[in-house]
Amino acid sequence: MKRELALTVNGRLAKLQVEDADTLLEVLRDQLNLWSVREGCGVGACGTCTVLMDGKPVSSCLVLARRAEGREIVTVEGLAASGKLDVIQETFIEERALQCGYCTPGFILSVKALLDENSTPTDDEVREYLSGNLCRCAGYGDIVRAVRVAQEKRRAGAT
Amino acid sequence: MTIPVFELLRPKTLAEASELLLKHGDDARLIAGGTTLVILMKQRTVYYPYLIDLQGISGLDHITADGEGLRIGAMATQRAVETSLLVRRSFPALADAFGKIGNVRVRTTATVGGNLAHADYRLDPPPVLLILGADLVLSSPKQTRTVPIKDFYRGLYETALEPGEILAEVRVPPAPEGSRTLYLKYSSLSANDWPCLGVAALLKGNAKRCDELRLGVGGLAEKPLLIEGLELARNETITDSLLDEIARLVDEQISPISDLRGSEWYKREMARVFVKRAICALAEEDPHL
Ligand SMILES: Cc1cc2nc3c(=O)[nH]c(=O)nc-3n(C[C@H](O)[C@H](O)[C@H](O)COP(=O)(O)OP(=O)(O)OC[C@H]3O[C@@H](n4cnc5c(N)ncnc54)[C@H](O)[C@@H]3O)c2cc1C
Chain A
1 MKRELALTVN GRLAKLQVED ADTLLEVLRD QLNLWSVREG CGVGACGTCT VLMDGKPVSS
61 CLVLARRAEG REIVTVEGLA ASGKLDVIQE TFIEERALQC GYCTPGFILS VKALLDENST
121 PTDDEVREYL SGNLCRCAGY GDIVRAVRVA QEKRRAGAT
Chain B
1 MTIPVFELLR PKTLAEASEL LLKHGDDARL IAGGTTLVIL MKQRTVYYPY LIDLQGISGL
61 DHITADGEGL RIGAMATQRA VETSLLVRRS FPALADAFGK IGNVRVRTTA TVGGNLAHAD
121 YRLDPPPVLL ILGADLVLSS PKQTRTVPIK DFYRGLYETA LEPGEILAEV RVPPAPEGSR
181 TLYLKYSSLS ANDWPCLGVA ALLKGNAKRC DELRLGVGGL AEKPLLIEGL ELARNETITD
241 SLLDEIARLV DEQISPISDL RGSEWYKREM ARVFVKRAIC ALAEEDPHL
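For the record, the sequence lines run as chains A and B.
Once you know that position 127 of the first sequence is 127 in my numbering, the rest is easy, because the numbers rise by one and skip nothing.
Once you know that position 79 of the second sequence is 79 in my numbering, the rest is easy, because the numbers rise by one and skip nothing.
Calculated from the structure, these hints are not laboratory results.
Any given hint could be a false lead.
[As the list claims (entries may be wrong)] When the alpha-carbon atoms are kept at most 27 angstroms apart in a straight line, the in silico DSSO-like pairs for lysine-lysine are as follows:
(1) Lys56(A) - Lys153(A)
(2) Lys56(A) - Lys15(A)
(3) Lys276(B) - Lys208(B)
(4) Lys42(B) - Lys15(A)
(5) Lys142(B) - Lys23(B)
(6) Lys84(A) - Lys153(A)
(7) Lys42(B) - Lys2(A)
(8) Lys56(A) - Lys42(B)
(9) Lys223(B) - Lys42(B)
(10) Lys208(B) - Lys15(A)
(11) Lys12(B) - Lys2(A)
(12) Lys12(B) - Lys56(A)
(13) Lys2(A) - Lys23(B)
(14) Lys150(B) - Lys223(B)
(15) Lys276(B) - Lys223(B)
(16) Lys276(B) - Lys204(B)
(17) Lys42(B) - Lys23(B)
Using the sequences and the hints given, assemble the complete structure.
Below, the structure written as C-alpha cells:
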C-alpha cells in the first residue's frame, strides 16, 4: 500500500507516494529522476549510491525511504544547484580524478562529508574514509591527490 | 534489488514495540539501523510481513559515563561510539572495534544494538565487550533484566532474547585499574571487509609480570568467545613458552567455521599469530617499563 511521504532533497520538499518497502535509492532515481545515485552492489559495500543525510554519508540502497522523512538529503545534483560546480567537483575534473565516472558522485559526496567533518585530514585518513567507495577504473591515486588539492582550495576560501 | 512488500510499524515506546513483537510473533522483526535486515530481505534470505521500527522511540541513543562505568543505548550509531571522546578516553579498544566495522556509511547508519543482536559469528565489537565484562539490558513489558554478554550468545545467530524482549542498553563496568586493552581485526580479503577473525586482549601488568590477562575472540567459533583458564598467566613473566601455552589454550576452545575468509586450518594458524601479537603489543606498551 502506498503512503504519502514528504522528503527534503537538495533543499526542496517533495511530496511522494511510496511503499514501505521502497528504498531511498529507488525513490531518488525512479520518482525524482536523480540519476547520479546509482545502484552498484546493493549491499552497502561499493558506495555508488552514497547520499548525504543530515550531512553524513549513507548508502541509499540500505535506507528505507520512509525512514528518511524529516532528514536533509543531498545528492551530487544538490552541490551544483546554483549552476556553479562545488570546488570538490571542479578539482576532480582538473585533477582528472575520474575515468568512466560511475563511482564519481559517490566519491564526491563522501569527500564533502569528510572535509566538512575534518578540514585537514591526512592522506591515511582520506584513504580510510574513502575505503568504502570503490573505483573499478582504479583511479585511487588521482582521487587522493584531488582531495588534497580540494582541501587546500577550501582552506583558501573556495566553496 | 527490491525488497518484497512489508508493513513498517512505528511504535513510540519500548513497551509498545514489545507488544507488537508479541502480537505478530514470527511474522515481525525489529528494525534498528536496518543495514543487515534490508540486505537479508532483498536477498530473500529472510522475510517478515511486519518490521517494527525502533527509530521513533526516544531515549535509546545515549552514550554516558559515571562511577559505575559506561552506558550505551541500543540505538546509538556505531559511528557515534567510534567518535565519542568519552568512549575513546576510557575504552579505546571499544571505540576502535566499532571504528573498524565495514565502512563509514555502514557505521553512520547501523546501531550498537543491531550489531550485538544480529549475533553473527564474525562481529567486531563482541570480543571487546566480552573482555570488559559488559552487561546487556533486555527490556520487555514483564521485566527488565541484565545479562552478562558471555551468556547472551547461545549459538550461530542465537541469543538469550526471549519473545518480546528488546536489547535496550549496553553497560560497561570500569576496567581494572592499570589495565590496557587492544582489539586486533584481521581481514583476509580487503581492508574494510568483515573480519576473518578478531582478537581482543586486556592486560594488567607488563612483560615481566602479568597480573591479569583476558582474551576475547570473534570469527573463531559459531559465537564470540571469552577464553577461559587464563589464570595460568597470573604472576608469570611473559615468555615465548607462556605465549605458546596461551595459544594452545585458545586453540582448544575455538572451533572455526571454514568460510570464504579462511579455512578452519588457516583460522587456527592466524588465531595463534594474532593472540600472541595482541599480548606482546600490550606487554611492550607499558609506560612503566
Ligand atoms: C557492507 C557491510 C559491511 C559490514 N562489515 C562489518 C564488519 O566488518 N564488522 C561487523 O561487526 N559488522 C559488520 N557489518 C554488520 C553491521 O555492523 C550490521 O549491519 C549491523 O550490526 C546491523 O545493525 P543495524 O542497526 O543496521 O541492525 P538491523 O539490520 O536493523 O538489525 C539486525 C538484527 O538485529 C535485530 N535487532 C536490532 N536492534 C535490536 C534491539 N535493540 N533489540 C533486539 N534485536 C534487535 C533485528 O531484528 C535484526 O534481526 C557490516 C554490514 C554491512 C552492510
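Hints and how they fare:
{"no.": "1", "hint": "Lys56(A) - Lys153(A)", "result": "22 angstroms, holds"}
{"no.": "2", "hint": "Lys56(A) - Lys15(A)", "result": "23 angstroms, holds"}
{"no.": "3", "hint": "Lys276(B) - Lys208(B)", "result": "16 angstroms, holds"}
{"no.": "4", "hint": "Lys42(B) - Lys15(A)", "result": "26 angstroms, holds"}
{"no.": "5", "hint": "Lys142(B) - Lys23(B)", "result": "15 angstroms, holds"}
{"no.": "6", "hint": "Lys84(A) - Lys153(A)", "result": "16 angstroms, holds"}
{"no.": "7", "hint": "Lys42(B) - Lys2(A)", "result": "19 angstroms, holds"}
{"no.": "8", "hint": "Lys56(A) - Lys42(B)", "result": "24 angstroms, holds"}
{"no.": "9", "hint": "Lys223(B) - Lys42(B)", "result": "25 angstroms, holds"}
{"no.": "10", "hint": "Lys208(B) - Lys15(A)", "result": "68 angstroms, violated"}
{"no.": "11", "hint": "Lys12(B) - Lys2(A)", "result": "22 angstroms, holds"}
{"no.": "12", "hint": "Lys12(B) - Lys56(A)", "result": "25 angstroms, holds"}
{"no.": "13", "hint": "Lys2(A) - Lys23(B)", "result": "24 angstroms, holds"}
{"no.": "14", "hint": "Lys150(B) - Lys223(B)", "result": "10 angstroms, holds"}
{"no.": "15", "hint": "Lys276(B) - Lys223(B)", "result": "21 angstroms, holds"}
{"no.": "16", "hint": "Lys276(B) - Lys204(B)", "result": "16 angstroms, holds"}
{"no.": "17", "hint": "Lys42(B) - Lys23(B)", "result": "25 angstroms, holds"}
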